[in-house]
Amino acid sequence: MRALATLAGVATAVSTLAISTAALAGPAETYGFLSRSTAMGGAVSADATDVSANFYNPAGLASAPGVRIDIGYMRANASLRMNGKDNAVDAVHGLVFGLVAPGKLLGMPFAFGVALHLPDDRVFRVRALDQQQPRWEIYDNRPQRLFFGAHLAIQPVKWLEIGGGLVFLAATRARLDITGDLSLSDAATSRLRHEVDADLTSIRYPQLGLRLKPTDRLRLSAVYRGEFQLTLDIEARLAVQAKLRDSSCATTLCVPFFTYLTTSSVNAFLPRQVVLGGSYDLTPDVTLDADVTWIQWSSYKSPMSAVTAQTKFDPPPGFPASLTPEKPAPTVVLPPNFQNRVVPRIGVEARLPLSPKGHSLALRGGYFYERSPVPPQSGGTNFVDADRHAFSVGTGLKLHAPFTEMPGDIHFDLHAQWSYLPERVFTKDSPADPIGDYRASGQIWSFGTTLGLAF
Amino acid sequence: MGRFGRPTARGFVARAAGIGLVAWASSAHAAPQDLFGFGARSAAMGATSAAAAEGYEAVFGNPALLADTREKSLTLGLNFARHFLHADTADRARSLPTDPMKTITIGAALPIPLGGVLRDRITFGVGFLDPVKYLVRAKILYPETHQFPIIAPRVQSLAIILGLGARIGDRLYVGGGFEALAALVGTIDIRLDATGRVGSRTDDQVVAAYAPIFAAAFDLSPKLRLGATFRGELIGRFAVLIRAQDLGIPLPDFNVAGMAQYIPRQLQLEVRWLERRTTIALGVLARQWSRYPGPNEPTVSLNQEYGTGSPPFSAHDTLSPRIGVEHVLPLGGKASLRLRGGYIFEPSPLDEQTGKDNLLDATRHVVTAGVGVLGGQSLPFSVDVYAQAHLLATRVHHKDSESGPDVTSSGSMFAVGIATGVRF
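Order-wise, the sequence lines are chains A and B. Per our numbering, the first sequence starts with residue 121, numbered consecutively. Per our numbering, the second sequence starts with residue 1435, numbered consecutively.
Be aware that a few hints might be false.
Coverage of chain A stretches by chain B, computed from C-beta distances (three or more under 8 Å per stretch; other residues unrestricted) [said to hold, decoys possible]:
#, region
1, 303-311
2, 381-392
What follows is a set of in silico ranges between Cβ atoms, one per label pair, in the way DEER data are often shown [to be verified]:
#, chain 1, residue 1, chain 2, residue 2, range
3, B, Gly1810, A, Trp565, 54 to 62 Å
4, A, Phe532, B, Gly1810, 39 to 47 Å
5, B, Val1762, A, Asn197, 55 to 63 Å
6, A, Pro404, B, Leu1773, 44 to 52 Å
7, B, Val1762, A, Val412, 55 to 63 Å
8, A, Asn197, B, Ala1642, 16 to 24 Å
9, B, Thr1579, A, Asn460, 22 to 30 Å
Keep in mind the hints are simulated off the structure, nothing from the lab. By construction, the Cβ of each residue, glycine as well, lies at the ideal position given by its N, Cα and C atoms.
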């Protein structure tokens, strides 16, 4: 029976690790996840043992001292400009929530964690613009999506923690079929019907983390995050009878009209990443963290829609030429040619005791530098981007056992992050380029707060 | 043809046995938690749960009863189902192709370790129903196409359910939560660029739809418990507006839209009787199908009178009685064996299809069974399996003179599942 219990327990844990879940790390990757970790510049892969470990390093969940529940809110407002004019990049805002539940499974420390960033407006958005349309590729649409993660972590020996899960996201595929009578005289009175066969298909990729504790004051980490992307493939078939009344309205010309449209695009691409980190307690009350993240931007896919259109229309003699459909050429999608980058991050936290009862105040700061992966835009594409310097500060108040019903800790955390994007000049090869040369710069303000209950 | 359509005894057994083989193929389905219940125990007990739910399953069945769970638990389940649906006319026997269903259930219960008067009173629960292949599937057919929109492959959708239960005093439980699913809305603007090549501007969004869950339970005595659960209406729409104004021919905007997923507002009332080792749950589930607008929407927004079927879609409310039984047999003091069974009567919300539409449905009889092994304190695990047989009554749809031959609908649906859990 004991063997059966072990088998069932391990099977459940491993299967859940393998099959569940997380999705779409966009907003957390760009603006951080939960106030403490964001305030420390996101340099916490070796330090996070709270709910934010679901994103930064799930191995840290195994060191959670007890059950913890966090809920909060964040908002990021971007002021990104081309030639001095604000491009009205959408703000990112949403609810953040998570929990971690540690325990022992057959004697081994074990933890289960869930984390969620739920945008106010949408789960995620797929947006594809004209190829030449300038767009802030990193900040415009990529953060507009859900982050949802559920992870497991174990501590097989005291100095080693392992955690992970599979991340999933959705690829959209749709087949649309439209039939009926199309009125060329008054399109709005057309008698058309449609069928839909659409799905959001799960795509999974691994997320794994390790945390080593060689001494009581030093922690080291390694994290791997797989590549993912949102694809949108739509086929639309229009098979109708195009009807046109002659000038006297005495008769109706009726011509079969067939159009087959396909559009295919990739959005919200998250490149493969490897994170190495360290965390060191300078004193019992001061911790210094540092991370280095390698990001494989070179595999970035263009978000441009590849569109094809085929039409079949054989009008009878005398049919108005102005109502004869075009036979346009398909799109040619130009490669983005982004470049791999290494992002350094640093963070510090100082904890100040406030009372003998265990109340304390934490002061935090952090910084990271992201060199733009976007190459010069001298040709037909206009992916606008600039280097990013992100400075963050924050504070956290911990109240220990403030009342009888709350035997654990209550945490109030706040953070603010300012990102500065210095001016970058894009020069076109062709003087006849319809967009021409331009300058890009900007700044992004991000704020957030988290309420945590730790037991 | 028998009372419940085509299955014979041999066919019944063969198909039930075949589910395990075919279920790993690809898939589609209507909201599984509404069809089968949520969790292996509930599914085995006739989808009773408003007074009888245990563990993470209460997050859907009755969140108030989460408060009865005092151990952290994590459960993983696999569920498979297969339809065998028929729409016959006098001159043709027609089996409707239906993808099998394959979903993963993940559930967790987390007692909140508060102190003082709140000690051992509040538990948080979470449940995921994750189709193995799809997060959302929308299949909206022409209304005259023979289809079973209530039970068959209209959609397969990820469901996320969160709940919180609290025990007030010794007898009263209250709780709440919400269900969420995804819907797709957007626009595709087909246009020619400056070089004459065709391109598009696409702006599609997956948005979340939410439905609240409110629940309460009251112990009239140690043996007798009453439970009530209200779940709000859950709508998942597919709506993509296609514009193609640059193709040289005047085209209207195409409103390619429809109801991809619909779970009606519902109220479940139940009584649970616990007699030593035997639990009996008896209840009724009321569903407000009359608010369901039907799966189809007009293709041309300015011509609302065309494209939604004929006659106009209508559905009516239903009352579904159900019963579940569980009997516990000790296994040497360290674990227990649980034998389960149940029955559901599901009346159809759709009328006979006398016009050109063929949105078919019929009264459904659901027989359920299952078995579980629950370990004690020294063996913190559980394994549960269940099976369900859904048998559709044969129904003749007498067509009017302009709508073709009469249609006889019939069929069956089979579901099996397994769940393993750990407590830590």
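Verification of the hints:
{"no.": "1", "hint": "303-311", "result": "holds (count 6)"}
{"no.": "2", "hint": "381-392", "result": "holds (count 3)"}
{"no.": "3", "hint": "Gly1810/B with Trp565/A: 54 to 62 Å", "result": "holds, 55 Å"}
{"no.": "4", "hint": "Phe532/A with Gly1810/B: 39 to 47 Å", "result": "holds, 41 Å"}
{"no.": "5", "hint": "Val1762/B with Asn197/A: 55 to 63 Å", "result": "holds, 58 Å"}
{"no.": "6", "hint": "Pro404/A with Leu1773/B: 44 to 52 Å", "result": "violated, 57 Å"}
{"no.": "7", "hint": "Val1762/B with Val412/A: 55 to 63 Å", "result": "holds, 56 Å"}
{"no.": "8", "hint": "Asn197/A with Ala1642/B: 16 to 24 Å", "result": "holds, 23 Å"}
{"no.": "9", "hint": "Thr1579/B with Asn460/A: 22 to 30 Å", "result": "violated, 51 Å"}
Checked against the numbered hints above, the structure breaks hints 6 and 9 and satisfies the rest.
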